[in-house]
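Protein chains: 2
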Amino acid sequence: MELTQEQFNTYQKEGFLVVPEYFSQLEVENMKGELPALFAEDSPRRVLEKDGDTVRAVHGSHSTNQLFKRLTRHPKIVSPARQILGSQVYVYQFKINAKAAFSGDFWQWHQDFIFWRKQDGLLTPRIMNAMILLDDMNEFNGALFVIPGSHKEGMIDVTSPQLQEINNNLTGDKKQEWLLSFTANLKYSLPQEIVQELALKYGMYAIKAPAGSAVFFDSNIAHASPNNISPFSRSIVIVTYNSVENIPVPVENPRPEFIVSRDYLPVEALSGDALLLPSLI
Amino acid sequence: MELTQEQFNTYQKEGFLVVPEYFSQLEVENMKGELPALFAEDSPRRVLEKDGDTVRAVHGSHSTNQLFKRLTRHPKIVSPARQILGSQVYVYQFKINAKAAFSGDFWQWHQDFIFWRKQDGLLTPRIMNAMILLDDMNEFNGALFVIPGSHKEGMIDVTSPQLQEINNNLTGDKKQEWLLSFTANLKYSLPQEIVQELALKYGMYAIKAPAGSAVFFDSNIAHASPNNISPFSRSIVIVTYNSVENIPVPVENPRPEFIVSRDYLPVEALSGDALLLPSLI
Numbered sequence: 001m002e003l004t005q006e007q008f009n010t011y012q013k014e015g016f017l018v019v020p021e022y023f024s025q026l027e028v029e030n031m032k033g034e035l036p037a038l039f040a041e042d043s044p045r046r047v048l049e050k051d052g053d054t055v056r057a058v059h060g061s062h063s064t065n066q067l068f069k070r071l072t073r074h075p076k077i078v079s080p081a082r083q084i085l086g087s088q089v090y091v092y093q094f095k096i097n098a099k100a101a102f103s104g105d106f107w108q109w110h111q112d113f114i115f116w117r118k119q120d121g122l123l124t125p126r127i128m129n130a131m132i133l134l135d136d137m138n139e140f141n142g143a144l145f146v147i148p149g150s151h152k153e154g155m156i157d158v159t160s161p162q163l164q165e166i167n168n169n170l171t172g173d174k175k176q177e178w179l180l181s182f183t184a185n186l187k188y189s190l191p192q193e194i195v196q197e198l199a200l201k202y203g204m205y206a207i208k209a210p211a212g213s214a215v216f217f218d219s220n221i222a223h224a225s226p227n228n229i230s231p232f233s234r235s236i237v238i239v240t241y242n243s244v245e246n247i248p249v250p251v252e253n254p255r256p257e258f259i260v261s262r263d264y265l266p267v268e269a270l271s272g273d274a275l276l277l278p279s280l281i
Numbered sequence: 001m002e003l004t005q006e007q008f009n010t011y012q013k014e015g016f017l018v019v020p021e022y023f024s025q026l027e028v029e030n031m032k033g034e035l036p037a038l039f040a041e042d043s044p045r046r047v048l049e050k051d052g053d054t055v056r057a058v059h060g061s062h063s064t065n066q067l068f069k070r071l072t073r074h075p076k077i078v079s080p081a082r083q084i085l086g087s088q089v090y091v092y093q094f095k096i097n098a099k100a101a102f103s104g105d106f107w108q109w110h111q112d113f114i115f116w117r118k119q120d121g122l123l124t125p126r127i128m129n130a131m132i133l134l135d136d137m138n139e140f141n142g143a144l145f146v147i148p149g150s151h152k153e154g155m156i157d158v159t160s161p162q163l164q165e166i167n168n169n170l171t172g173d174k175k176q177e178w179l180l181s182f183t184a185n186l187k188y189s190l191p192q193e194i195v196q197e198l199a200l201k202y203g204m205y206a207i208k209a210p211a212g213s214a215v216f217f218d219s220n221i222a223h224a225s226p227n228n229i230s231p232f233s234r235s236i237v238i239v240t241y242n243s244v245e246n247i248p249v250p251v252e253n254p255r256p257e258f259i260v261s262r263d264y265l266p267v268e269a270l271s272g273d274a275l276l277l278p279s280l281i
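Protein chains in written order, with full-length UniProt numbering: chain A, 1 to 281; chain B, 1 to 281.
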């Protein structure tokens, strides 16, 4: 279940690849069926919107939920990940971003890799994301904006005044610092001047695709998404695969295991019907 | 410079009409050239974003700025307004909405007429908006979302709990109450259930058009716009025309003249080059 040469080339050139309706409606329904229970669980894995009520994201569900565990081993995403990274891979991170109807807040412009480099000791960007849309992503509900080709710039080492300010405002419990990576005030967001420069250089693209579509994207592509003021929720799952040849170096105060997995065993792919066998779950 | 029969029919049916590139690039440049001075003026006419710094809107500039005064008398918008309202018209309201790059906040779902009815004593919706885009409005910078046909529902009399809450939180200066109509917490926003219902019934449409385009829209069409996280500012001018046969009844605590004009004299149209004669300004 590898990508075609053309798909592979697109990914390399643009830094992302959209595969429309990659998973079936039934597979999507199975996954969506797991969300209410995961969203209802009051746990540090869960990040809320600023309203303190709506679920913004849930982390590490692949270690608690059997269906999502199976998703991380699905050949439709494991094979492309191996192909792109050129090695065996393991699950580095797993998250569900909800972007709820009427409430889902924006994500600032950022590259993913810098978060992993600065916080987790990941030295090279031999890591990639597989995003699966559990709802249609359209022009109304906060489509993912990317700057195609911006991954070629590599990691842009931002040290934004915002970051300083946020850090200065931090009180007490330093262990909660990782939360800053998942709120609307992103810790390593790209400065406006840089986004403008990148947009002028590369243009901008809004990813719109039906539920079940997959988006593979580079850890250094600049991306963002606006708020969701529509009546349509827009939930996605992101499985981040790292090369087994790119194990992070130890850091002080590592982020929780449910944010950054320290299980470096290569994933083994299941069969293609991995999300369709309820009796096995 | 009236609308064609087809354009007129579209307006009646959908509740809005987009006329792409209605004003020339030069006319747009002339208008944009006026913005910095208007935005810089520290005045009650000016509404800021939540950041307390970025300009969100400026009101009533047609009474202080000669070019925008001329815009309100431009035959390209006065004639359609007369045609749609079936009478002479006067300028009820004038505003510039900035929606600045990276900062412009969203506008909640609402109908315009209820604001005018509840606050200004306007009894019937024989009133309409002419919006002129001073920048391209695209899928990245907070396009205007409308629910086509929703104007046929008439005014939906919302009494939202939010409103109660906002009102309860109001301190001291009651005269500033009008401000609530222009912040992200809209006083008469439509409840989520109603927006969902309308969207299911009528669908949703995102208006995207180049700078210079005009959008005529009904005072009862449900509309909203998301935040602008892009590097592209998206400024618009909205001239609201009321029928001279629809003069509001007196109300207690009327809003300021720069929000609701009490000059009921019919506008007289200028010639088509009204925005191109700098010597006359």
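Incorrect hints may have been included.
The list treats identical chains as interchangeable, and a pair is accepted whether it falls inside one copy or across any two copies.
Pairs of lysine-lysine, DSS-like flavour, derived with a Cα cap of 30 Å [what the hints assert, rightly or not]:
#	residue 1	residue 2
1	Lys13	Lys50
2	Lys208	Lys69
3	Lys201	Lys32
4	Lys201	Lys69
5	Lys208	Lys13
6	Lys76	Lys201
7	Lys32	Lys118
8	Lys50	Lys152
It should be emphasised that the hints constitute simulated quantities derived from the structure, not laboratory data.
Each hint, compared with the structure:
no., hint, verdict
1, Lys13 to Lys50, "neither (36 Å within a copy, 39 Å between copies)"
2, Lys208 to Lys69, "within (26 Å within a copy, 41 Å between copies)"
3, Lys201 to Lys32, "between (38 Å within a copy, 25 Å between copies)"
4, Lys201 to Lys69, "neither (39 Å within a copy, 38 Å between copies)"
5, Lys208 to Lys13, "both (19 Å within a copy, 28 Å between copies)"
6, Lys76 to Lys201, "neither (33 Å within a copy, 37 Å between copies)"
7, Lys32 to Lys118, "neither (33 Å within a copy, 42 Å between copies)"
8, Lys50 to Lys152, "neither (33 Å within a copy, 35 Å between copies)"
The earlier numbered hints that this structure contradicts are 1, 4, 6, 7, 8.
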